[in-house]
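Novice: Assemble the complex: chain Y is given as a structure, and chain A must be docked to it using the hints.
Keeping their order, the protein sequence lines are chains Y and A.
Mapping the first sequence onto this note's numbering, position 283 (from 1) lands on 283, and the numbers just tick up by one.
Mapping the second sequence onto this note's numbering, position 226 (from 1) lands on 226, and the numbers just tick up by one.
Be aware that a few hints might be false.
Stated by the list, open to error - For the chain A half of the interface with chain Y, some residues (derived, Cβ under 10 Å), not all of them:
1. F9
2. G129
3. K132
4. L165
5. L166
6. L257
To be verified - Pulled from the structure, derived: some chain A residues nowhere near chain Y, Cβ distances all over 10 Å:
7. I84
8. S108
9. S109
10. I112
11. I136
12. E169
13. S188
14. N224
15. E251
Keep in mind that the hints were calculated from the coordinates and are not lab data.
By construction, the Cβ of each residue, glycine as well, lies at the ideal position given by its N, Cα and C atoms.
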Amino acid sequence: MTLKLPSVLRYEGDLRASADWLLESIKKGKGGSCAHYSPLMGWSDPYPETTGYIIPTLVRTSEFFEDSKYSVAALNMGQWLLDIQSQDGSWHGGLHKTKELIGSKGSVFNTGQILKGMMALFHLTGDQVFLTAADRGASWLASGVDVNGLWPAGDYRASETPSYYTHVAWPMLEVWKSTQSAFQRDAAERFLDAALNRKLGNGAIARWGFDDEGSAFTHTIAYTIRGFQESSRLIGDYCKYGRPMEALLEFFVKKSELTNGRVPGEFNEALVGNKRYVCLTGNAQLAICVLLMERQDPDLRLVNAAAKMIDFIGSVQPSSLFNKRIRGGVAGSYPLWGRYMFMRYPNWSAKYYCDSLMSIVSRLEVEE
Amino acid sequence: MKLVITAGFDGSIPALAMCELLRRSGHCIDTVLVVTPFSVKRLKTMVRQRGIQGLKKVAGKLLPSRKSGVELNLQAQFLLDNGIPFASLKAWCKASEVSYVVAKDLNSSESIKCLEESGPDAVIYAGGGILKSSFIKAANHKIVNNHSGPLPEVRGMNAVEWSILLKHEPSITIHMIDQGIDTGEIISRKRLPIGKGETIETIRDKAVISGVVEIVRLFDGLTNLNYLKKGTNRGSSAGRQCYILAPALRELLSKKLKGRPNA
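If we strip away everything but chain Y, and leave its shape as in the complex, we get (with noise of 0.2 Å):
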């Protein structure tokens, strides 16, 4: 048996502690997983949005440990996304307060996240209600795409679709891969193409943020990269969507390793960054992105920035036995009263570090 690395221990370690933490989460989160925790205001309500792509993370988990209690959790939880799931097949935004239910319109962007843990199950159990249920959520996504390849209603703030939603036509494409619905697929790819118009002579995308101005997350900024080389893999054509990124997360490779990992938390269009605080949850999706761009054409320089824009999150992880609730959570911004997230532990901080921690592990052992 070979012996472990240090760091591949110690990624281990805090997956376990985070998994753990979303289930606590999923605990308290009749039926979905709470939002955020806030030492002040305690749990939140459950979120649909984030619950759907807690699922493929869970899963994972699952077989990672090799460990059925993180499995059993994600069936659960896409059983509660199922009775939740509207007629029409899409899922309400915002977070789930059951009386406020009636009438509330379908979001797009939460259907699209549902989807990826619809898609999970379905290749989990080979259940059909997962794959029926994620292929009526991705008709109706499609079903809302306009002539310019935009959905008119249904944003969170901006006026126009923010680029961002190409994390919508990743799972779109996601669901077209099992459904083979060239419907689905046309109004994923007419996004996407109406997306990357956007791209700027220095890499970025116009509208990446959650407003029509002004700074974006790196929360958002990494959604809209993955979501680009996600559908590039899915379409099979890395050329067409991923390659298109790579400048961009070379500047970000470049940020993590001079700043080692403590990447600035927002960045405006100009790519000047807010270094007032990192967005943990940010820093843990760009890993993410480095790592499947690395995937393309391996080299070892690109796993080292991305250790570092995990390793940050690691050393600023909540390890207190006092306060259980947050440990193993991951903050929003470090410090805690950055601007992204305030004072809160959100579910998807936890959910994108495991995902990060997973990555560089499987990573890691191929280079073993």
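Specialist: Only chain A this time, still in chain Y's reference frame:
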């Protein structure tokens, strides 16, 4: 030739060895330009790039290490083997009557003024941080450096380590410094044999010593840099730059070294 030698700190063994060995081969060392290791700017850069743990490690290296009873590293052994009895550049400069200048930064006005006043035929870079165009211009673009990796393939920091990780033949490269990171003209490249059981530290020491020996060899009997630069290759910035290894990559390298066959 009239030379200026830079150093990142007063106890720099490669700078000390080069000063003495080049002096012995008939060159005139006009000035030794030493950067203060503990300036606020330098500390901030170190913390940003290496973190607090990295800073502690660097500080350990900057402090005097040749205590009695402690096993000598390869660099210190090289000084002994060559009969160089000095513990610091300051002591060497005093004994050799060479101007010793301490600057906060090699790119500072005091440092550039010193260089302009000296007007050397060449500057030998033996540490002190990244050089800006003002320094390069003041040195008339005649700055020679020993890079501990094969150029143009392995540019940047931790070059010995990256050579092994990226499966390049460990080598040192003597090159001119320009405004890019290790992108200047290449003068010579020399293979670095690595034996079984070597550690990262011993290989790094070997690369440093090998660089000193190579620079002294290249400068032997040289009257100007033009001859040295004749028929050389251009460097390149095409490849990715290398940076300080993250802990996981350092551990991976150690593991690879342990399993490496004899060179």
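Novice: Have a go at the K132 (chain A) hint: is there a Cβ in chain Y nearer than 10 Å to its own Cβ?
Specialist: violated (16 Å)
Novice: Close enough to count: is the Cβ of L166 (chain A) nearer than 10 Å to one in chain Y?
Specialist: Cβ of L166 (chain A) sits 7 Å from chain Y, so the hint holds.
Novice: Is the interface hint for L165 (chain A) satisfied, with its Cβ closer than 10 Å to some Cβ of chain Y?
Specialist: holds (5 Å)
Novice: Beyond 10 Å from every chain Y Cβ: check whether that's true for I84 (chain A).
Specialist: I84 (chain A) clear of chain Y: closest Cβ-Cβ about 36 Å, beyond 10 Å.
Novice: Would the non-interface assignment of S108 (chain A) survive a Cβ cutoff of 10 Å against chain Y?
Specialist: About 22 Å separates S108 (chain A) from the closest Cβ of chain Y, which puts it past 10 Å; holds.
Novice: Next item in the hint list is F9 (chain A). Is there a CB on chain Y closer than 10 Å to its CB?
Specialist: violated (22 Å)
Novice: Per the CB criterion, is L257 (chain A) less than 10 Å away from chain Y?
Specialist: violated (13 Å)
Novice: Quick check on G129 (chain A) please, does its C-beta sit within 10 Å of some C-beta on chain Y?
Specialist: violated (14 Å)
Novice: Minimum Cβ separation between N224 (chain A) and chain Y greater than 10 Å?
Specialist: Non-interface label on N224 (chain A) holds, nearest chain Y Cβ at 37 Å vs cutoff 10 Å.
Novice: Would the non-interface assignment of I136 (chain A) survive a Cβ cutoff of 10 Å against chain Y?
Specialist: holds (21 Å)
Novice: Would you say I112 (chain A) is clear of chain Y, with no C-beta pair closer than or equal to 10 Å?
Specialist: I112 (chain A) is indeed farther than 10 Å from all Cβ atoms of chain Y, at 25 Å.
Novice: Are all C-beta atoms of chain Y more than 10 Å from that of E251 (chain A)?
Specialist: Nearest chain Y Cβ is 4 Å from E251 (chain A), so the label is violated.
The earlier numbered hints that this structure contradicts are 1, 2, 3, 6 and 15.
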